[in-house]
Structures are given as C-alpha cells and as structure tokens.
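This is what each chain is made of:
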Amino acid sequence: MKLYEYLAKGIFRAEGIPLPKGGIAQTPEEALIIARDIGFPIAIKSQVLTGGRGKAGGIAFANNENEVTNESTRILGSMLKGFKVEKVLVEEKLTIDKEYYVSITADSFLKKPIILASSQGGVDIEDVSEEYIVKKVVDIDIGVYAYLGREIARKLGMQGDLMNEFSSLVIKMYNLFRKYDAELVEINPLVRSGDKLIALDARFNVDDDALYRHPNLPRLTEGEEWELKAKALGLSYVQLDGDIAVMANGAGITMATLDLLAIFGGRPANFLDAGGGAAVEPMAKALSLLNDTKPKVIFINIFGGITRCDDVARAILKVKKTTDFCAPLVIRLTGTREEEAITVLQENNLSAYKSMEEAARKAVALAKPASGLEGVGKCQY
Amino acid sequence: MSILINKNTRVVVQGITGKQGSFHTKEMMNYGTNIVAGVTPGRGGMEVEGIPVFDTVAEAIEKQQADASVIFVPAPLAKEAAFEAIGAGIKVLVIVTEHIPFHDALQIVDYSVKKNVVQIGPNSFGICSAGQAKIGIPPNSIFTPGPVGVVSRSGTLTYEIVSNLSLRGVGQTTCLGLGGDSVVGLSFVDILRLFEKDNETRAVVLIGEIGGRQEEEASIYIKSMTKPVVGYIAGKSAPPGKRMGHAGAIIERGAGGFKSKVESLKQAGVKVAEIPSQVADYVADLLKR
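From first to last, the protein sequence lines stand for chains A and B.
Using the UniProt record's numbering, the letters of the first sequence correspond one by one to residues 1 to 381.
Using the UniProt record's numbering, the letters of the second sequence correspond one by one to residues 1 to 289.
It is possible that some hints are incorrect.
[Unchecked claim] With a cut-off of at most 25 Å between alpha-carbon atoms, the simulated SDA-like pairs for lysine to any residue come out as follows:
#1 B:Lys-259 x A:Thr-105
#2 A:Lys-112 x B:Ile-220
#3 A:Lys-112 x B:Arg-193
#4 A:Lys-285 x B:Lys-19
#5 A:Lys-112 x B:Arg-243
#6 A:Lys-135 x B:Lys-26
#7 B:Lys-266 x A:Glu-357
#8 A:Lys-136 x B:Asp-110
#9 A:Lys-112 x B:Ser-264
#10 A:Lys-81 x B:Ala-255
#11 B:Lys-26 x B:Asn-140
#12 B:Lys-114 x A:Asp-181
#13 B:Lys-223 x A:Leu-110
#14 A:Lys-135 x B:Glu-216
Bear in mind the hints are in silico, worked out from the structure with no lab data behind them.
Build out the structure end to end from the sequences listed, making use of the hints.
Structure representation (structure tokens):
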C-alpha cells in the first residue's frame, strides 16, 4: 500500500525527520489560509499516488495570494495521470543548495534490508548511474547505528554537522521501515538548505500482508474500477487493455496464459489468479466478475492439482444458471478429476480442451474481428 | 539420487491439526513421505492420520528424530513457527504459508542462514524427490523418477511443466519451489549448485518469472555449469508497476523485467522456451544427445 505524500510526511514528522512547513488543503480557500500562515514563496503539490507529478503539471509555485488561488483552483479537481486530485499539500518553498537521494528497501536477492543513497538527488534513482549510488546492506539482527549513517554520509561528501544530521536521519528512516513493515521509505530529494537537511518529498509503501498489525494506518485503495471490485472479493486481479478475459489457477500459470495469448496474437484483458486450491464459490465469483467486464472471449485455464477440475466445471455452471455469459467461453481443464469435469460440462453443452496451447489459439481466433462472432453473446455492449 | 530430501527424511508437520495441515499430511504419506510427527501447540498427545502430535518441535525431534519440517500455520503465526523449527535443529524447513509479512521473512531467512538451515519458501509448493518423498502441496500424480532437476518460483505453472515432462517420459530427480514472495530462503543459484553436484541429475529446468534479479544472478553461475539448463520465464506481457499475483512478481523502479532475464539466460547458454510446452520438447531433445 502506497501512502500519499502528506500521510507519509505525517509519519516522518512524528519520527522527528525534518520537513518543510506545510499543511493539507481540499479547497483553494484552505490553501490560502495555509499559505498566509507559512509566508511566500510556497509550493502547491497535488496529492496523487503516482510519480512524475512535477512533469505532469501537478506541482506549482506561488509568490502571492492570487497565484495561490489560481494554481490551487487549477490543480484541485483536475486529473493527473489518470488520478483525480482531491488534496494539495501547501508547503514553504525552500532555497535548495544541494539535492540528495536516500531510501531503505529490501533487496530480494540478498534477502536483507538495503540503504541506497546518492548525491544526485531529485531524479529517479533508476536514472542515476551506478557509480553515484552508495549501497549499504543492513544485518536485520543488528539494525542501523550512527556509524553506518556516517559511512554513507562520507561517501556522499558530507562532513561535520551535516554528516551527523544525515546519520540521525537514516536511523529514523530505518526505525520507520521496521516499525511499519515498510516496503519502501524514500526521500527524494533530500535537500540541503543552508546548513539543514530537509525531506522535500516522501514516499512510504507498506506491505499489504502486514497491514493487519497496523490498525492505525489509513486504508488506501488505488487502481482501476475492476481491480478494486476484485480486491473487495479477495481476488488477485490486474486490469490490462485487451479483450480476452482470463481466469487461471496460480500466479505463474496465469502470467504464462497471458503471455501465450499475446504470443498467438491475442490481447488479454486481465490477470486473474483464482488461487492454487480454489473452491466452487470463489471461482464462481471470479467468473461473474470477468463476465461483468464484457470481454469478447472468456478463457479459463485450469491445471487441476489441488484445484479439482469438477469444481471448476461446477463453478462455470453455477454462474451460467444465474447469468448469461456475454462472450464465448473457452475452457481448458486437465488434471485432478478431469473426466468428471468433462462429463459435467458435456451434459450442459459445453466442452473443454486438454491442451493449454490449443485452447489459447481458439480464444485468440474467437476474439479476432473476422471471426464473425460479434454480437453472438446475449449481452448488449 | 536426489537433492535435499529422500525417502529417509524424517518430517514433522507444523500445523498438522489444521484443515490444510491434515489434508496434505495424508497426501504426503500417500506419496511415501516419512512423516514422523506433527506439532500443534496445546494438542500434544493427539494423533492425525496415525501420526503422533506434540506441543513443540523440540519434542518431535527428541522423540521422533525429525530432521525436516513443513509449516502450514497461518501467516501471523508463521514467523514464530519457523523460529521454533530453526532453533530446535531442523535441517530442511519448508514454509508453504502465503501472505507472511516480508519483514518476518527477512528475520526468518536471517536465522536460517545463521543456523545453516535450508529454508524453502515462504509461499512455496515445497519439494519432491520423485518416487521417494514429497514435502509440501503439489499433486502426487505429476512426478516420475528420472534425470531432470526442476527449480521454480511458481506452483501451478511448475505442475503444468513437470506434468508435460512426465507425459513425455522425462522423469525428475527433485522438483523444488523457491516460493513466490519477494523474500524467500533460497535463490536459483543455491539449487543449481546442488543439481550440478548431484550424480543423477543430467539436465535442469529453471522456471522463473518477472521481478527481482535472481534469474540474472543465476545466469552468472550457469556459465560455469557442466549440465544443460532449459528455462522458461513467465510475465512477458506483464505491465510495469503491477504485482502479478505473487508478491515477488513485479517490475518496479526499472528492474525485474522479462527481457533482461531472458537475455541473460540465453547468454549463459540456457535454451529458453517461449511457451510452457516447449520446455519438455527441449529437455527431451537434450537428453537424446
């Protein structure tokens, strides 16, 4: 779960990380009150869960009250990279003497927390060349002490008080990383303004699997309409831009199914993993959801292991009884209780493929405009 | 021969009295796995499928000489269960549980490394040494003993590919799932080393996916291997920034993409299949030579 900048900064502030003065506004009037309180010049930053806000016009500066009103009126309620801006963070505009980058995350190959820092701040870290990135791996049993921060600071070219300030900042970031089960704690840029280090931006992503032990964190949802609906049903779903809806069982095989459709010239509409051992009910819900997205074809690819093929067949029939499928179904079943499943399907005038490739080819063919199948489904598009 | 487990491995099931734990205990026994004990705190003295249940892993080791453990306990309790197993002296630990917070996984891995424990998972289907023993949840029917080692980051996709191998008459030494989470105990490299040393393994199948950089790291090692490797990478069509089911399957901050993995593997001499069914074709070809 990603947190908005202002929420991340709230958490940073509580930990004692130095930040610009600022406040959150939902209307131009509120923005003006905060601006008067801070004094000019100020920055107005749209609060959306995406990077690159500056380039997209989501960050503005104001030198007087008129500009605050004009800019906050323009930004509030506007769409920024597909997200509606509902809040702006109004902050003092600092004099920037130098920009740094610092983040803490986990390195999945080393299987340890890792601190990344750079003297080339203010740009995406993936655009900074390796020689300018300082990396320090953390032993989770030991944690982060001041010496580690000093060592990074030295490599960033800091000395004296600045070095100590940086070191204390890194300790605070690591404390937050551990305390909140964070995936990412990032300050970019971390700026030197005079003799002070200040976190100009803040990114804070928390592990969804650990949210249960952080009841005080806000619950934020991001994503497309169908992704949110699927999430509410407890399904693992990603919206794509094609027309062949996909349900498979297991993350790897679902990805492989999408790839196969694409390789055969089709366009998958979604990723939907019904789970390794899904029962009739959750699979029926998943299928109904796919049907609601009004695809051209629905492709079901099941390798029966713990998942029983006859359960899949029953889930299909359960949905078929209550709703009309808008699109032709292409079903691939193999493995546990395959014969029972085929019998159940045949009794209901449905058939299934045994081979994943054959089924994928069929799904792609049905989705092609030349297939003559447009409007065959009973639903209105 | 096989790697890590065989028919003599003595297995304790942590969480044996739960729905998943008891179901898979029976399945593992059906496969021939030597299940010697179960552990559920507060249920000591019970039996599940004729297997004695103890309150602690230490007791299961003391009374039944267990040397491997498989964890089926819910995610919030999994860290403690893993610590208990590692601390008690288990040598091979399989964590099937999904949705364990990755900070817990970081601590579990840290302890495993310090105690020299082979930690498989979290979010892994487990491990099967074909014809000998299975610790975990894959279907029993797909495996056939033979000369191919399989190592993977996903479950069902591996069943699909292993099943294809078996149908073509290409059997396996050991099949192992590293786990789909972003932080898991082992990497491809760890298992490739074992397959390289294993006398009966003649070829290796590596099933990777987008996210992280362990396929790239594996490629460096593969260059020094004497045995041929066939690969498949899932996620060619995955958009960046989206988690594709597995916590570890995400292209983020410019890293973890499909292309870099396939290219590094190919450069290391790996025959990379474009579609899953090609894997069995490629392996069968290699073994004929």
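Going through the hints against the structure:
1. B:Lys-259 x A:Thr-105: holds, 24 Å
2. A:Lys-112 x B:Ile-220: Holds. Lys-112 (chain A) to Ile-220 (chain B) sits at ~21 Å (cutoff 25 Å).
3. A:Lys-112 x B:Arg-193: holds, 22 Å
4. A:Lys-285 x B:Lys-19: With a Cα-Cα distance of about 23 Å, the restraint between Lys-285 (chain A) and Lys-19 (chain B) holds, given a limit of 25 Å.
5. A:Lys-112 x B:Arg-243: Holds: Lys-112 (chain A) and Arg-243 (chain B) sit about 21 Å apart, inside 25 Å.
6. A:Lys-135 x B:Lys-26: violated, 47 Å
7. B:Lys-266 x A:Glu-357: holds, 24 Å
8. A:Lys-136 x B:Asp-110: Cα-Cα ~17 Å, so holds.
9. A:Lys-112 x B:Ser-264: holds, 24 Å
10. A:Lys-81 x B:Ala-255: Satisfied, since the Cα-Cα distance of roughly 22 Å is no more than 25 Å.
11. B:Lys-26 x B:Asn-140: This hinted pair holds, its Cα atoms lying about 11 Å apart.
12. B:Lys-114 x A:Asp-181: holds, 23 Å
13. B:Lys-223 x A:Leu-110: holds, 21 Å
14. A:Lys-135 x B:Glu-216: holds, 19 Å
Checked against the numbered hints above, the structure violates only hint 6.
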